[in-house]
Structures are given as structure tokens and as C-alpha cells.
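Number of protein chains: 2
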Amino acid sequence: MTAESVLEETFSSISPAEFFYRNKQMAGFSNPTQAVYTVVRELVENSLDACDTARQFPDVQVSVSNPVSDEVVITVSDNGTGVPHEQVPDAFGRILYGSKYSSRQRRGTFGLGVTMAVLYGQITTDSAALIHTRPTNNEGREYRVLIDVQKNEPIVDSVQAKPRETPGTTVTIHMRGDSLRSRERIIEYLRLSAVGTPHAQILVNITDDFKDSFGPYDELLPPLPQDNKPHPRSADVELLRRIIKSSPTKSLEELLVNSFQQLGRKRASKILNFLNFSSRTNVSNLSRKEVALLSDGLRKFDGFGRPDSSCLSPIGKESFVKSVQASTNSEIIDYACTDPSDCDGFPFIIEAVLATGEMFPTGKVPSLYRFANRVPLLYDPTEDVFSKVIRQLNWTRYGLDSGMRVAVYLHFCSTRVPYKAAGKQSIASACNISEEALTLLRYLGRSLRKRVRTKRNAGRAERRMRKFESYFETIIESAASLADIDHFPDSAHMVKSLFEVE
Amino acid sequence: MTAESVLEETFSSISPAEFFYRNKQMAGFSNPTQAVYTVVRELVENSLDACDTARQFPDVQVSVSNPVSDEVVITVSDNGTGVPHEQVPDAFGRILYGSKYSSRQRRGTFGLGVTMAVLYGQITTDSAALIHTRPTNNEGREYRVLIDVQKNEPIVDSVQAKPRETPGTTVTIHMRGDSLRSRERIIEYLRLSAVGTPHAQILVNITDDFKDSFGPYDELLPPLPQDNKPHPRSADVELLRRIIKSSPTKSLEELLVNSFQQLGRKRASKILNFLNFSSRTNVSNLSRKEVALLSDGLRKFDGFGRPDSSCLSPIGKESFVKSVQASTNSEIIDYACTDPSDCDGFPFIIEAVLATGEMFPTGKVPSLYRFANRVPLLYDPTEDVFSKVIRQLNWTRYGLDSGMRVAVYLHFCSTRVPYKAAGKQSIASACNISEEALTLLRYLGRSLRKRVRTKRNAGRAERRMRKFESYFETIIESAASLADIDHFPDSAHMVKSLFEVE
Chain D
287 MTAESVLEET FSSISPAEFF YRNKQMAGFS NPTQAVYTVV RELVENSLDA CDTARQFPDV
347 QVSVSNPVSD EVVITVSDNG TGVPHEQVPD AFGRILYGSK YSSRQRRGTF GLGVTMAVLY
407 GQITTDSAAL IHTRPTNNEG REYRVLIDVQ KNEPIVDSVQ AKPRETPGTT VTIHMRGDSL
467 RSRERIIEYL RLSAVGTPHA QILVNITDDF KDSFGPYDEL LPPLPQDNKP HPRSADVELL
527 RRIIKSSPTK SLEELLVNSF QQLGRKRASK ILNFLNFSSR TNVSNLSRKE VALLSDGLRK
587 FDGFGRPDSS CLSPIGKESF VKSVQASTNS EIIDYACTDP SDCDGFPFII EAVLATGEMF
647 PTGKVPSLYR FANRVPLLYD PTEDVFSKVI RQLNWTRYGL DSGMRVAVYL HFCSTRVPYK
707 AAGKQSIASA CNISEEALTL LRYLGRSLRK RVRTKRNAGR AERRMRKFES YFETIIESAA
767 SLADIDHFPD SAHMVKSLFE VE
Chain U
287 MTAESVLEET FSSISPAEFF YRNKQMAGFS NPTQAVYTVV RELVENSLDA CDTARQFPDV
347 QVSVSNPVSD EVVITVSDNG TGVPHEQVPD AFGRILYGSK YSSRQRRGTF GLGVTMAVLY
407 GQITTDSAAL IHTRPTNNEG REYRVLIDVQ KNEPIVDSVQ AKPRETPGTT VTIHMRGDSL
467 RSRERIIEYL RLSAVGTPHA QILVNITDDF KDSFGPYDEL LPPLPQDNKP HPRSADVELL
527 RRIIKSSPTK SLEELLVNSF QQLGRKRASK ILNFLNFSSR TNVSNLSRKE VALLSDGLRK
587 FDGFGRPDSS CLSPIGKESF VKSVQASTNS EIIDYACTDP SDCDGFPFII EAVLATGEMF
647 PTGKVPSLYR FANRVPLLYD PTEDVFSKVI RQLNWTRYGL DSGMRVAVYL HFCSTRVPYK
707 AAGKQSIASA CNISEEALTL LRYLGRSLRK RVRTKRNAGR AERRMRKFES YFETIIESAA
767 SLADIDHFPD SAHMVKSLFE VE
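Residue numbers (the numbering used here), protein chains in the order written: chain D, 287 to 788; chain U, 287 to 788.
Possibly wrong hints are sitting among the right ones.
If several chains are the same, the list does not tell them apart, and a pair holds so long as it fits within one copy or across any two.
Calculated lysine-lysine pairs in the DSS-like style (CA-CA distance at most 25 Å, straight line) [stated by the list, open to error]: (1) K650 <-> K674; (2) K437 <-> K531; (3) K586 <-> K515; (4) K437 <-> K782; (5) K575 <-> K437; (6) K515 <-> K437; (7) K650 <-> K736.
For the record, the hints were derived by calculation from the structure and aren't laboratory data. Here the structure is a predicted model, which means the values were calculated and not measured.
Model the full assembly from the supplied sequences, consistent with the hints where possible.
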């Protein structure tokens, strides 16, 4: 098996750069339209992450130009941390270069996004990516970076000092693409990015035909999520073995207590007892079978509380409501948020805003706007777990009728979003994500029904009041004419006060 | 940008094994049900490829057992080439290890499938993969292989001689999974695998409750597809630069003629003239700009003929029709096949069978069975290009009414299938794939309409004949009674012969 044709071919390692060069569509580069969209997206995502880390209100500028027929130039500039100079080559010229064990929510995670943009520019136009960055406490420099695809190594074509007033980064990618067809998607993406990051301002200029600014919708700088210890349920044998390797002299109990959240001394020794391990066993003495047994025990133990969610950064009720309202000029029906849950030990929260407004289309199901770690997801909606769940509900039962314009904004926050593909367009139906989303949507459905009823009742009361008014007028007029008076009191005011009696 | 939190974290390369360990769902491991299905699929795919290379009628045996609660053991055995011993560690223990420049159709391509199965087994049960293989002209050996995830390197836990009567390979994976829920999918997958590879026999045993055998449906061993030179349209700057590097002393014209299909001396010099290149330029003297210009010129030149399709292996009319018919006991309406086309220079063909039968469900659109390089695709149908295209047509116009049971089998063959994700579940809408599929489906739609009309007309003729018969009988009887005869000729036979007059 596998080595099918070893007799005739040479087999060897394929570098990650080579893999994604061969399979561009998996990283969001299916066609020239999507390619432009994906490059904008990856650069903006990185910029917003950099601003969050710098604790700055993001000021991101996006420009898309089209100097010659099918060549597109994309420039994204930010006021974030800047990239430390020693990191620039790898961060932009090595596919799958990233933080080893990050365990807090952020937009980019794979070390794949911005390098794919560099790679795509290079293979379609043979141009280097231009990176102008100034880290805090350092000078500004401009780099021209390419990738050696076969080796997956950065090639720094040139580097020179170039002043920059404040810290931040500007990246320019020359690529083949279709700026005209990708235009609507880019605008939609940036508009929704400002909704997902309400404290950001995003300026956009597309071929000088379209200029606009989105956000900020809120003045609140959200707290930076914390790096947490892993949840014991995420301890597959691979992770356990790594942890053991890093502290080979510890006792089993110490190791558990020090390495994981949710494991105090009491609970750790309870689990170890149950699994017939001695708490004092030196971890380096564990056999492979015992490590597997321990992993299985931690995974199956159902006494853990909700995972620590300080590593997550939900948009939050106030900000989310503000940004949806302001960006769509809509009326908010409700906001809701699940309790922290976990998928294989990785914590997640889903939050949602239900809104109604003229800009949303009518339909049997509310329009769905999907977000993952504050990033709007635009492509591949039908396979997404949220799209599936929203269609499972009978929205007519919740009072949605065909003339209504309702939308749901769903935001999935996690330290590990189970994207279906490296292009990060849709979320897989992993663990209990769909159950949690379903509970959330049912809650919002009930809010919708309440709203519809209140409106309907308000309408009924209004109609009753009008009728009362007309009767009252007749009575007052008749009474006045009987009493021979020609000025009589304002009946409307009287009726209104009648209906205001609690 | 990018290096968001360099201040607090260490950044480094993430090995491909680490990437897919972190993002299992991208490789088809979203949940325990899909995981079992994916492992079966990857092993069977590899086995069928190995048998094709060996020019053997595939005899593949699949066994799924469930020794303890949530542990599943999957064994797949074949009579293929066997794996050369020096290749075993890398082929099973290194993610992204594969043939560097394969340019013929095969099922597996990424060097990702079987190693992902090994990795998944390892991280869920800490078990090594068991590989028992005997290459042609060599002895049989059994290996226990694990993967060093952080380094992406194979670990050979043990190896020992173990006789095997004939060449071939048996792989056993211990993993966590759900064999009960994945059962239907596995059976469906194997049933359809025998349709896609009609000369294969596939035996299956699932936990001793289900035992069956699928195929062979045909006695024909398909020709092995050829490795072709690349199409000039696939010459992005990366490929051009590699080709130049491998023959730095050639002239530009020589390089083009020797390296690409579709480029004879005449056409090559025509293109070079048009781009203002001298045919005699030594390729190592080309500047980066010139390479980009050449790539652009080759990509845009529209005078190429259809790509050479000897690198492809369509199932073929006779075999495809036989396998669909035999596996479903259905009636075939038509078979059709597109001319060879290309996507960024990679040739593709789409072939299709339209069938009707009791086992297909009714509906407004025919049931769709998708195949890519003979492999059935079962998951994620809605985002697939074929699913989108089949819904674009108004099948009622082609005579499909709600009571009919019709199915379309669509087979995409290419040297590079643009899968949307590494799990290889659906094909992206790249290049002109959807246009080609649409043309093919319209053709089949017309076949369906013809068939429906013929049936309807046949019904009408039948009814008319019956009426004629009854008139004839009356006339004959009256005539006979008038003539005082009590035996008269068989009218049905007479009428039938009347209707047979052309």
C-alpha cells in the first residue's frame, strides 16, 4: 500500500509550503475572486490580532488597487505591535510557523494565513511581499520576502531602514486576481469585521471607486484573554507524553495539579485512586499502557466543572448589541450567550444577537451572520454547523412570518475553532457545538415570539383605544350639544390616560 | 502583524504532523463516527491504488471489530504491490510524504491519508499501527509504526520477519471510535467503491454482524494511466523556475519543447516571438521579471488543443454501466463523458451514468452519487460543485416527475482533484468544472426526456393496439357468425403484426 509506484517514482517529504502550493483551494484560493478576498481577510485578521496584543484601538487601512489588467495590489496597514525584526522572515516566509502552545482566543492560529498570501502572490506574479514594520522600541524597516516552496524557508530579498512614525505594520501583496468580482465580498467582510471587533476602525479604498470607513461602534477596549492551563479532557496521550517529558521528576499527582486546570489535589487523587494509580508514582516510570489508561480516565471523568473561560474574548452584550445596531440601523430583539462548554477540552462560548431591520431580507428562517473568534465567515455557509442548526428550527412556530426581516448574528469563541478546512470558512459539527447552538437559538426564538406577541397586543390595544376615542367624541359632542356648550375637552387625551391606568 | 505575542510566547515551525494533530477535523476526523469511516476509506483507497500499480484484480478485505467499548480495530488487507521495506517507515510514519511530481490519476495523492490514520490511532489509544507487507521479490515483514508528532518523523517500534503467501499489505489500526454509528457509511462507501473500481472485489466484515462482498462487476483490467508532461497552462512561476533549475543550459525553445506537452517547435517559437523572447536565449539568463512574463504568456495563450488525457483513468462506458446496473439492479438510461478539459493545466474528464430503479428515492432532482478518481465521496455534499450544478437544472422540464426514481453517478477524473479540504469530501468550484458538469447533465437531461417520451409513446401505442384488438375481435366475431363459422383466427396476433409495419 501507499508506496504505490515506488518502482518508478521517487518519494520524499513534501514541505507544508509545497502541500499548500499544490492545494491552494484548501487555504481559500479556489479562484481569482476568492483569492483576493482571502488575502484581504488574512491580512486584516493579523492586523486586528496585532492591535489587540498592543492594547491599541485598531486603526486598520485596507487598499485594493488594480494597476494592470488582472494584477491586484493589496495593502493593509495597522497600528499594532509591529513584528520584531528577527521574526519577520519566518512569520512571513515560512508556512506553519506559529506559537507552539497558544491557549487563548485569537483570530489567526495556524501560522498559515499571511504566509499563504505571500505564497500566492509569489506564484502568480513572482513578486515578493513588501513588509514595512516598526516594533515598539525599535526602528522601522522594509523587507521584501519570498518563500522557497520546496524547502519551506523564507528568502529575504532585501531589507532596509525606513522610518515609520508609530509602531505598526504595513503589508503589500502583488497577486493575480479579480478585484471587481471580489469587491462586494471584501466590503461585506470589512463591514462585518467592524461588527466583530466593535472597538476597531477600518478604512477601505477599493480602486479609488469605493471609499468608506467602518466602525468604531464602541469605545470599550476588551480585556486581553488569558493563557490558561489545558483542560484535563484535552489530555490525549500525545499531550500527556509531552507534559511528562517536560517534568520527568514529578509525582503523578503533582503533574496533574500543576499542568491542568480543574484539577485540585483532592480531585486529582480521587481520579488517580479510581484508576488504581498511586499518587506518588514518578511520572517517568509510567508505561505506554499506563499513559493511555490515564488519558482515557481523564477524558471519561464527568465530574469537571465548566471550563475556565478567561482565555476567551466574547464580544459581550453591550458591544455586540451596539455594533449590530449601528452597522445595520436595526432594532435589537435580544442578546444571549451560552455558558462556557468545551470541545475535547478546548473551551468555547457561543453568543448571539437577534435583530430586525429593513436591511435584512425576508424569509422562513432568519438571515445568519457567522463569526468565529470575532472573524466573519462568508464562504461555504451550507456545511457550517450554525447553518444546519438554524434550519432545524421551525421559525414559524416562533412567530416569524414571511414578511418579517430578522437576522441572527452568531459568534463562536474558542481557543481552537474546529474549522472544516484551512481556508477557515465553516465550522465543523464537532462535540456538542450543535446542541449548544440549538439551545441558544431556541432561547432567541422565544424572545422573537414574545416580541411578536407584544407588538400584536400593542396593535390590538391601539385599535381598541382608537375605537374608544371615536365613541367618546360622539358622546361628548352629543352631551355638549344637549348642554348647549360649543367648546368641549380633548377626548384623545382622556382616553389615552384611561388606557394608561395599570 | 502576525507575531502578535512574540513578547510572551515562543514561536517556531509547526510540523505537518502537529498541524493535523491540532486540526484533525480538516483531515476527516470531526467526530468518532467520521473517524472510523475515514480510516476505512484511507486504507481501502491505498489498497486499490497498490493493486492498480501491481496490475492485479484487487482483492481487498476489510474488517472492523470492537473488542472493548469505544475502541475500534480496523484491518484492511490487499494483494497489491506491497511496500518496499525501506519505504515503510516514511510511508506510514511521516505526514506529507509522497511522490514529488506525480502527474497521473490515482486515488491518494497527498501522502496524508494513511499517515493520518496512523496518527489518529496513536493519539486516541497510544497504539502503533501494525503493517504486514510483502513486496514482490522480497520476504514478508511486520512493522509496528508510530509518529513523533512534533518532529513529524516515523518511530519504528518493532520489525520482524513474518511470512506471507503472496505479495500485498495488511494494515491494522487501533483507534477510539464509534463502529455502530459509522456502519451504514462504511457499507455505503465499500458498495460504491466497487462501483468506481468495477474490477475489484471487496469483502467486508463488521463486528461479525455484517458480512458481505461487493463486486467484481467487470472482468476488464483498466489500462494504467500514463505519467504525462505538464500542460503549459500549469506553468506558474514556481514550476517554471524549477524546470529551469533542472536544465540550466538549455535554450528557451528547447526547454519549452522538452518540458511541456502541447508545445511543438512551431508553437513554442510562435509564443516566444509573440512575447518578444529570442528562442535561443539561455534559460539561466532569464530575469525574474522575464520568467513571470513567460508564465503569464503561457497561461493566456488560447491556441492549445485539448490536454493529453492518457494520464487519466475514467471508469469507461461499458464498465461504469455494468457496475451501476449490477450494484443497484437498475435500468441504465444513458452514459456520457466530457471531452478532456483542464483546470490550471491539470487535465480532467467528467463521466456520468443516468439510471432508474427501485432503490433510488423519488424527488424533484435525481439522487447524486459523487466520485473523484474512482473514490466515492459521501460527506459534505451540499458544498460540492456537482451538488450545486445538479440543482441548477429544472429537472421537471426534462420529464422528471415526482414519482420517478432516477439517479446520476458523476465521476470526476483528474491528475489534481481540487478538494475543498484535506479530508477529500467535496470538490471546489474551480476553473470550468461547473460549466463542464452542467453541459454533461443537460445532455443526460435530454436523454431522460427522450426516455420518458418513448415510454409514454409506447404506452399510447399499447393502448391504441388494445382498442384495435377489441374492435377486430368484434368484427371477426360478427363476420364469423354471419359466415356461420365457429372457429376464427387469433385477432391479437394480426393486430400486433399490423402495428409492426414500419
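Results of checking the hints against the structure:
Taking CA atoms no more than 25 Å apart as the test, K650 paired with K674 passes in both settings, with 14 Å inside one copy and 21 Å between copies. Taking CA atoms no more than 25 Å apart as the test, K437 paired with K531 passes between copies only; the shortest distance there is 15 Å, against 29 Å inside one copy. In this homomeric assembly, K586 and K515 come within 25 Å of each other (Cα to Cα) only inside a single copy, at 19 Å, whereas the closest approach across copies is 54 Å. For the homomeric pair K437 and K782, neither the shortest alpha-carbon distance inside one copy (79 Å) nor that between copies (77 Å) is at most 25 Å.
In this homomeric assembly, K575 and K437 come within 25 Å of each other (Cα to Cα) only across copies, at 22 Å, whereas the closest approach inside a single copy is 37 Å. Taking the closest pair of Cα atoms, K515 and K437 come within 25 Å of each other only across two copies (23 Å); inside a single copy the shortest separation is 34 Å, beyond that limit. In this assembly of identical chains, K650 and K736 lie within 25 Å of each other by CA distance solely inside one copy; the values are 18 Å within and 37 Å between copies.
Checked against the numbered hints given earlier, the structure breaks only hint 4 and satisfies all the rest.
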